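Line by line, the protein sequences are chains A and B.
Each residue of the first sequence is one higher than the one before, starting from 38 at the first, in our numbering.
Each residue of the second sequence is one higher than the one before, starting from 38 at the first, in our numbering.
To be clear, the hints were calculated from the coordinates, so they are not data collected in a lab.
Do not rely on the hints blindly, as some may be mistaken.
Pairs count within a copy or across copies, as identical chains cannot be separated in the list.
Taking lysine to any residue and the SDA-like style, the derived pairs with C-alpha atoms no more than 25 Å apart in a straight line are [what the hints assert, rightly or not]: (1) Lys162 / Ser145; (2) Lys162 / Pro131; (3) Lys162 / Leu261; (4) Lys162 / Thr243; (5) Lys162 / Ile241; (6) Lys162 / Ala242; (7) Lys162 / Thr180; (8) Lys162 / Asp130; (9) Lys162 / Thr244.
Remember, predicted model here, so these are calculated numbers, not experimental data.
Number of protein chains: 2
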Amino acid sequence: VRSVEELLSSQVEVRAAVVSSPRDEDPRIATLVRRLSERDTLVQHVTVEEFASAAETDSPQGILAIGVVPEATLADLPVSDPLRILVLDAVQDPGNAGTMLRTAAALSVTATFSLPGTVDLWNAKVVRSGMGAHFHHPCLAGTWDELDAFRRERSLAIWAADAAGEPLGATTAPDRIGLILGNEGSGLSSQSRERADCFVALPIATTVESLNVAVAAGIFLYELHR
Amino acid sequence: VRSVEELLSSQVEVRAAVVSSPRDEDPRIATLVRRLSERDTLVQHVTVEEFASAAETDSPQGILAIGVVPEATLADLPVSDPLRILVLDAVQDPGNAGTMLRTAAALSVTATFSLPGTVDLWNAKVVRSGMGAHFHHPCLAGTWDELDAFRRERSLAIWAADAAGEPLGATTAPDRIGLILGNEGSGLSSQSRERADCFVALPIATTVESLNVAVAAGIFLYELHR
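When you get a sec, could you build the whole thing from the sequences and use the hints?
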């Protein structure tokens, strides 16, 4: 429900919506159906079973919408200072990726860019975890070549999160940073390591191997935002 | 696998382990079975189907262990400065709770204390998300009365995370803080609100309603740890 509300408040094009019939008297869903109808968007009412087969979640909330994934690339981003790009290098858990997008939107990060091997940022689970962030925050996917070109053109410093890096705060943050977070299990890829201008770490207790990647991203982005 | 490794490196009593037979040649699992046998702990080998019926996860890794939940209360905690207690007030998602424990352990928080309405911190999903934190970090559950008594005895300041609170950093942190994080949907309970000495917030963009509770906890605890 929340995601569809956020979707309708955004610039993203909505093609259609599907509503589970017993839920269409829920006031928030009824409001959404009215807003969709005012925009002449197709709303299809279906049975609980039909809805369950489409919803991809164990406890669907009774409405789903079909939108058009915005076509955007790094090159479309406006020139700005400070510039902060959150770069996902093979982050695979949809909940982590969605939470990272939510955090990036909340902490005024310019865009999130996913490299090959990362979960599809527009996968339904990622969108649900994003809690609407997808509709207000540029969520991009692309190649290393695109990142390299953008980096040269905008003089972007590449900071890569790694437990063996320098403690965050030891280096003054430049205006334009692409912060790379690696895979949940294996960390940074060799491509990230080759491109990093600087490796940064969050000092943690020796009894713990690492922080969850979405928590680490949250701390880094908060510190870089201050 | 990782959780069982961490369990065997801790003081927690292990009663038995169950191994999925086709996996007992995996080197990490074979090592665990050897360590368990050396301690005279019962190891039961079972079929894949039997293992699946016990494992409570879609992709079990082939070993599970049965341990004794440590009996500990707030009153058992050593007197120390700084004292940092992470208090969960009806946090319900097991992944969030486990991630918060992992973060608390990583950032040298003294203990995590769960109030009524919070997911059982020793639920298997929470333990998996905790990535071993349960075995090195005091994970306690109790009542408001216990928290009140501990607070009086140890002169603990109660800080409650709330979007309408003062920006973090505006108030100097005392040596002894109990930081309360509320429910994912409804936030702080009235009991928390009544007890708070101070409400604290993380400044975020107005387009985003809130941060994920585990990310917010991570940022608060990192800032209080610095």
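Now for the hints, and whether the structure bears them out:
In this assembly of identical chains, the alpha carbons of Lys162 and Ser145 lie at most 25 Å apart only when taken from the same copy (23 Å versus 32 Å across copies). Both within a single protomer and between protomers do Lys162 and Pro131 lie at most 25 Å apart by alpha-carbon distance, with minima of 6 Å and 17 Å respectively. In this assembly of identical chains, Lys162 and Leu261 lie within 25 Å of each other by CA distance neither inside one copy nor across copies; the values are 28 Å within and 32 Å between. For the homomeric pair Lys162 and Thr243, the shortest alpha-carbon distance between copies (24 Å) is at most 25 Å, but the shortest distance inside one copy (33 Å) is not.
With identical chains, the CA atoms of Lys162 and Ile241 are at most 25 Å apart between copies only, with a shortest distance of 23 Å across copies and 30 Å within one. Only between protomers do Lys162 and Ala242 lie at most 25 Å apart by alpha-carbon distance; the minimum there is 23 Å, versus 32 Å within a single protomer. In the homo-oligomer, the alpha carbons of Lys162 and Thr180 lie at most 25 Å apart inside one protomer (23 Å), although the nearest pairing across protomers, at 35 Å, exceeds that limit. Within a single copy, Lys162 and Asp130 get their C-alpha atoms as close as 9 Å, and across copies as close as 15 Å, so both meet the 25 Å cut-off.
Taking identical chains as interchangeable, the C-alpha atoms of Lys162 and Thr244 lie at most 25 Å apart only when they sit on different chains, with a minimum of 21 Å there against 32 Å within one chain.
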